[in-house]
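Please work from the sequences and hints to get the whole structure.
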Amino acid sequence: MIKVVFFAALREQLACSELMVSSENITTVADLKHQLANKNEQWQSLFNNSSLLSAVNHDMVDNDQAIKSGDEVAFFPPVTGG
Amino acid sequence: MIKVVFFAALREQLACSELMVSSENITTVADLKHQLANKNEQWQSLFNNSSLLSAVNHDMVDNDQAIKSGDEVAFFPPVTGG
Amino acid sequence: MNQEISIQTADFSLADEVALLEQNNPIDGAVVTFTGRVRNNNNGQNVSSLTLEHYSGMTEKSLSKIIIDAKTRWNIGRVKVIHRIGELSIGEQIVFVGVTSKHRHDAFAANEFIMDFLKVQAPFWKKERSEQGESWLDAKVTDDTKAKKW
Amino acid sequence: MNQEISIQTADFSLADEVALLEQNNPIDGAVVTFTGRVRNNNNGQNVSSLTLEHYSGMTEKSLSKIIIDAKTRWNIGRVKVIHRIGELSIGEQIVFVGVTSKHRHDAFAANEFIMDFLKVQAPFWKKERSEQGESWLDAKVTDDTKAKKW
Numbered sequence: 001m002i003k004v005v006f007f008a009a010l011r012e013q014l015a016c017s018e019l020m021v022s023s024e025n026i027t028t029v030a031d032l033k034h035q036l037a038n039k040n041e042q043w044q045s046l047f048n049n050s051s052l053l054s055a056v057n058h059d060m061v062d063n064d065q066a067i068k069s070g071d072e073v074a075f076f077p078p079v080t081g082g
Numbered sequence: 083m084i085k086v087v088f089f090a091a092l093r094e095q096l097a098c099s100e101l102m103v104s105s106e107n108i109t110t111v112a113d114l115k116h117q118l119a120n121k122n123e124q125w126q127s128l129f130n131n132s133s134l135l136s137a138v139n140h141d142m143v144d145n146d147q148a149i150k151s152g153d154e155v156a157f158f159p160p161v162t163g164g
Numbered sequence: 165m166n167q168e169i170s171i172q173t174a175d176f177s178l179a180d181e182v183a184l185l186e187q188n189n190p191i192d193g194a195v196v197t198f199t200g201r202v203r204n205n206n207n208g209q210n211v212s213s214l215t216l217e218h219y220s221g222m223t224e225k226s227l228s229k230i231i232i233d234a235k236t237r238w239n240i241g242r243v244k245v246i247h248r249i250g251e252l253s254i255g256e257q258i259v260f261v262g263v264t265s266k267h268r269h270d271a272f273a274a275n276e277f278i279m280d281f282l283k284v285q286a287p288f289w290k291k292e293r294s295e296q297g298e299s300w301l302d303a304k305v306t307d308d309t310k311a312k313k314w
Numbered sequence: 315m316n317q318e319i320s321i322q323t324a325d326f327s328l329a330d331e332v333a334l335l336e337q338n339n340p341i342d343g344a345v346v347t348f349t350g351r352v353r354n355n356n357n358g359q360n361v362s363s364l365t366l367e368h369y370s371g372m373t374e375k376s377l378s379k380i381i382i383d384a385k386t387r388w389n390i391g392r393v394k395v396i397h398r399i400g401e402l403s404i405g406e407q408i409v410f411v412g413v414t415s416k417h418r419h420d421a422f423a424a425n426e427f428i429m430d431f432l433k434v435q436a437p438f439w440k441k442e443r444s445e446q447g448e449s450w451l452d453a454k455v456t457d458d459t460k461a462k463k464w
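Residue numbers (this note's numbering), protein chains in the order written: chain A, 1 to 82; chain B, 83 to 164; chain C, 165 to 314; chain D, 315 to 464.
Incorrect hints may appear among the rest.
[As the list claims (entries may be wrong)] Under the rule of at most 30 angstroms between Cα atoms (straight-line distance), these lysine-lysine pairs were calculated in the DSS-like manner: (1) D:Lys454 / D:Lys379; (2) C:Lys244 / C:Lys312; (3) A:Lys39 / C:Lys266; (4) C:Lys312 / D:Lys385; (5) C:Lys266 / C:Lys244; (6) C:Lys310 / C:Lys229; (7) C:Lys266 / C:Lys304; (8) C:Lys304 / C:Lys225; (9) D:Lys379 / C:Lys244; (10) D:Lys416 / C:Lys291; (11) C:Lys225 / D:Lys416; (12) D:Lys416 / C:Lys304; (13) D:Lys416 / D:Lys375; (14) C:Lys266 / D:Lys462; (15) D:Lys379 / D:Lys416; (16) C:Lys310 / D:Lys460; (17) A:Lys3 / C:Lys313; (18) A:Lys3 / C:Lys225; (19) C:Lys313 / D:Lys416; (20) D:Lys375 / C:Lys304; (21) C:Lys244 / D:Lys394; (22) C:Lys244 / D:Lys416.
Bear in mind the hints are in silico, worked out from the structure with no lab data behind them.
Right under this line is the structure:
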């Protein structure tokens, strides 16, 4: 299983902060996004947003980053701290 | 008359912090330096030192700066504050 | 635990932080600090307060990578980064970066570098409350551009 | 008298100075401070204390010109420059520069600019006391080079 977490505006829009996803058929962040986008139209538009950022095990990554069972994958909007 | 002041290492080397000089025959900072340098060999080497800085009425100036009676002219080594 | 990083709801004292950076540190003559506070205005809206959310764990990891990068690029002594989370009012301190060095340029550059990358890499998000209600702050393109200049 | 500049024998409090820069100033979200202290070592000599001499009147004039230049170049809010004179021991604070701004880069750049020009234009001179006796500090060519980069 892959642990998926969401933050900030994305978390509110999805009304979800955490989700467990089967790692079957998922080898990259792009695969995971694709699967999440298939849930419904709202999720589709949110996960197809090119400004969405991804992290795997607390490191910022690109869409082609490999992922496997046991990883923690995060999706969130551009950061606004400081 | 021109008021001439010296600071830091130069003040100590000259054993003098302040001096009044007649403005006769003096139209620039270079003229004043030339006249001071004529006092003796030690003064000559100190006032011919190219790293010596000059200020007229509290503004840093070059050797060709015009000066006149009533001005305050300062000579000092490169500054080392901060 | 990395002593150089603190993510906290509590306020911090600039004087105490600088005292710690300087304590038993006679070799570093320069200390540069940055303090960020909640402004009363953003894009023409009167902000009354904001809430800071973060991604615990990733925050610390990203900040410690930024600090390591800064130490590789400049000859700096001590570093401290504090970022507050939770509810903050106008004028309150949000973020502190303190850097010491032997020569001042290293502390200036490293401090601004840390802030610039914190802005685009550390997972914090601000939600502002104004007369118009609550809204998540948009990221600024200028912050991206600024980080890329290093 | 220019409230932005203080030449004093007494020590200063970083916290108090920053509090003054921030007081009734909700529009500036960024505060950058530089504090310079007496290091224990210069060119391999163990320094025990130093004496700071200055050219009263010219000091204030040169610093106020530097501050005006900084305000022309960057969009900054408040500025404070403090420089101590007289006898100072290891670890003591010598100089403080504080700058506030709406956007952080302005405060960083203006602060470093003020320090860089203070170093080459403000008439202060340091005499160091070490085991080898007293000697006037030599100016550094690197300071000249650094100021010319702006």
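Worksheet item: Going through the earlier hints one by one, which of them does the structure break, listed in rising order?
Response: 3, 7, 9, 17 and 20
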